[in-house]
Amino acid sequence: MGDGEGREKPEETKKIVHTYPLIRHSDMPEEMKQESMELVVTACEKHSTNNEAAARMIKEEMDKKFGPPFHVVVGEGFGFEISFECQNLLYMFFGGNLAIVIWKC
Amino acid sequence: MPPTTSIKKVLNTKTLKKSRQSNTRVEDGDDLEEWKKSKQLLRPKDQLELSEGELKDIIARQLGTNDPLIPHNLVQFNYAQGGFELMPPAGPMIVVYEAQGTQVHKESEEAKKQVVEQGLDPAILEISQSTETLAVEEPIPVIPEEVIEEVAAEESEKPEEETEAEEGEGEGEGEGEGEGEGEGESIRPEDDEDKPQTGGKPKKLTNQFNFCERAALTYNNPMRTQETQTIPPPMGTFSANVLQWIIYDAYQEDFEAQQLEKELERERKEKEKAPVSRHQAMAKKLVGKAHQLSEAVQGRVLECWKVLERMVNQNTFDDIAKDYRYWEDPSDEFRDEEGTLLPLWKFHYDKTRKNTVTDIEWNPHYYDLFAVCFGFLDFMKPLEEGAVCLFTLKNPSFPDYICMTDSAVMCVDTHPKYPYMVVIGLYDGSVSVYNVQATCKQPAFRSNNVTNKHRGIVWEVKWAPDLPDGEMNFYSVSEDGKINNWVLMQNDLAVTTIITLFLAKDEVFGPDGTKLKVKGCASCVKFHPKQPLIYLVGTEEGHIYKCSTAYSSMFLLTYEAHHMPVYRIDFNRYNSDIFISCSGDWRIKIWEDNRLEPLFVFDVGACVGDVKWAPYSSTVFAAVTSEGKVYVFDLNVNKYKPICVQAIVSKRRNKLTRISFNPKLPIIIVGDDKGCVQTLKLSPNLRIPCKAPKKQQHLDQWTLQCMKLDKLLSLVREPGALDLPEDTAESIES
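Chains X and Z, in that order, give the protein sequences. For the first sequence, position 27 (counting from the first letter as 1) is numbered 27 according to UniProt numbering, and the numbering increases by one without interruption. For the second sequence, position 555 (counting from the first letter as 1) is numbered 555 according to UniProt numbering, and the numbering increases by one without interruption.
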């Protein structure tokens, strides 16, 4: 039993590619966070090849839902230093290689 | 001067003037004739000379209604249609002067009315009207209308004439003026007389255009300025770098955390499967996540320590461990029928050395785990505390679970489906349910110490099959003659009394004259293994009652079994119609259902604390006595004598109280009154398996065992009369 498990495990870890949305940092209220996360998932799935379009969609939806002005960054590699209105920041990963930052200022 | 005369004069002058005018008109007509005759026709030089014929030619003249001056093609731009449009031709009428019709001639009837009704300035009116009234009102009775007009015309002319001929006709006019003034004076009284009439009914004429505008200017309120500034929304700064490896690491980390959480969740669920008490539920709410984690870590450490402890124990008791599994007494081959018991480990717990082992029971799920109750049976020396300990054969030095109680524990039962649910009955009459997996410190359920309890020692508890709703429930029998059913509700125990064991005796008079029905004191209970409703109750009076949970007032059967309290009853594993009972009257009796006389009676010469059928054989049972001996019978081998009698503890100091067969291994445990549990291994002679007859090789052990018992029973069953002599004849001496 123990040996069998041991053999299987390393293979498993290699295979797994995590694609679920992972919230890295957020100070949004729980409800808003969930809504935003769902929005991000929808947008990134819809525009899987076009980050700009995804970012635009997220921004516009966020503006509509929670009031402007929101800023959105979608990308695979970037650095940022932002100042944001408290309770309006979401920094999350999605799809295994995308990072999404949403903030209001 | 009378007015009539003056008017006549005026009239005379008028007629004169008129005749003069008519004369002049006639003269004018005559002049035209004369002028025409004398006129010479002048011809323009360029006039056409027409011949006679041409002149005679009659040129027809047409007279039409068309006015050549009127334009017929007047157009007007229509903005709606965006083009010019012919206008209808204007009529032949030419407007020379136009005046708005809001004016009324002041002499017309309407004007007069208005003046009268408005009652405007009578003074002004008098002056302006004085002359008129004179002319208008005076002549009415005498003179016809034509004359009046003439008079009015004359009077209006008069002033002009006067100015023209002021100087020349001074005298003649003087009279006229005097007359005029006189008239004015004479008329006034009449005017005065009229006045009250007009002023009497002043009627306001409604005129919507007749309004006056009024306005007022109020003071302006003083102005004040006030300023405020809101607090800007709180801002924060955040910075991070996004790189692929950061994302990957974050996912890995989160995944591991999830795995850990799942593991914890699983553990928690396993714990939650068992209903937990509200204390625990509350405790769970209080502890945070971190605390849970540390608990999990502690649990793992504890696990390690347990394994270590077991390893050490295995080392110390190496020989016993080997005996327990592999040693078979070789001397059995040379002994004909008898067997021996090999003592293995002794289990005890330091805190309960003074207690008596009141009940022992193997766990139905783990074959190496058993529960031991520590209470007391010597009621001259009561003890304050009791305990339930769960020992495992793997660790003889210390119990795996310890549940300390504040009263002596008299009985225990482990739930067959949930092996961590342990119910205990206490000396003080209450019952408790422990979830040993969750916590041993406090019971998950506990009967109320005041309202929900037995009024006597709880002698036996027994789990019942779960209710249809999945609620666990158990039965308890007590000295107070009641058998209760307890249901584990969400937070508490719900109790129902199944039966009260009233004796079939007349009512007894109490000290104050009241009548009391005597109750039997139940001392043990056993449920029928196949019919869940049927159960047997042994009492301290020595009776065994066969009851059903469906009837709460009557017994199905009453066995007059013993002369002393019945300590334990046990159903045969193979034939549920057969049961065995033991008693304080030194005897062990084997009964068949619905047969009031016992099939076998064995006298062992001492108080029999417990008797149990062996799980591996239909004919083997074992009993323990207060003399410290274990008796093992095999009816198939010897119907009269035990095949093994062995003193386990010293006869003088110790008593044996309980015995229990391990359901899997050839091991029995016996408890004594010094809080010690002894493990004994049965030698091969005590557990001889059935040999299948040559003709029926295919039969399995179960059927063979049943057949063996049936064969044995058929020997003793037939004549009912034979049973009685057996009772005395077959008693054996120890």
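Mixed in with the good hints, there may be bad ones.
As the list claims (entries may be wrong) - So, partial list: chain Z residues that the calculated Cβ filter (under 10 Å) puts toward chain X:
hint, residue
1, 51
2, 53
3, 97
4, 119
5, 230
6, 231
7, 238
8, 244
9, 246
10, 248
11, 254
By construction, these hints were calculated from the structure, which means they are not laboratory data. We treat Cβ as the ideally placed atom computed from N, Cα and C, and that holds for glycine.
Hint by hint, here is what the structure shows:
| no. | hint | in the structure |
| --- | --- | --- |
| 1 | 51 | violated (106 Å) |
| 2 | 53 | violated (106 Å) |
| 3 | 97 | violated (73 Å) |
| 4 | 119 | violated (74 Å) |
| 5 | 230 | violated (14 Å) |
| 6 | 231 | violated (12 Å) |
| 7 | 238 | holds (6 Å) |
| 8 | 244 | holds (6 Å) |
| 9 | 246 | holds (8 Å) |
| 10 | 248 | holds (8 Å) |
| 11 | 254 | holds (5 Å) |
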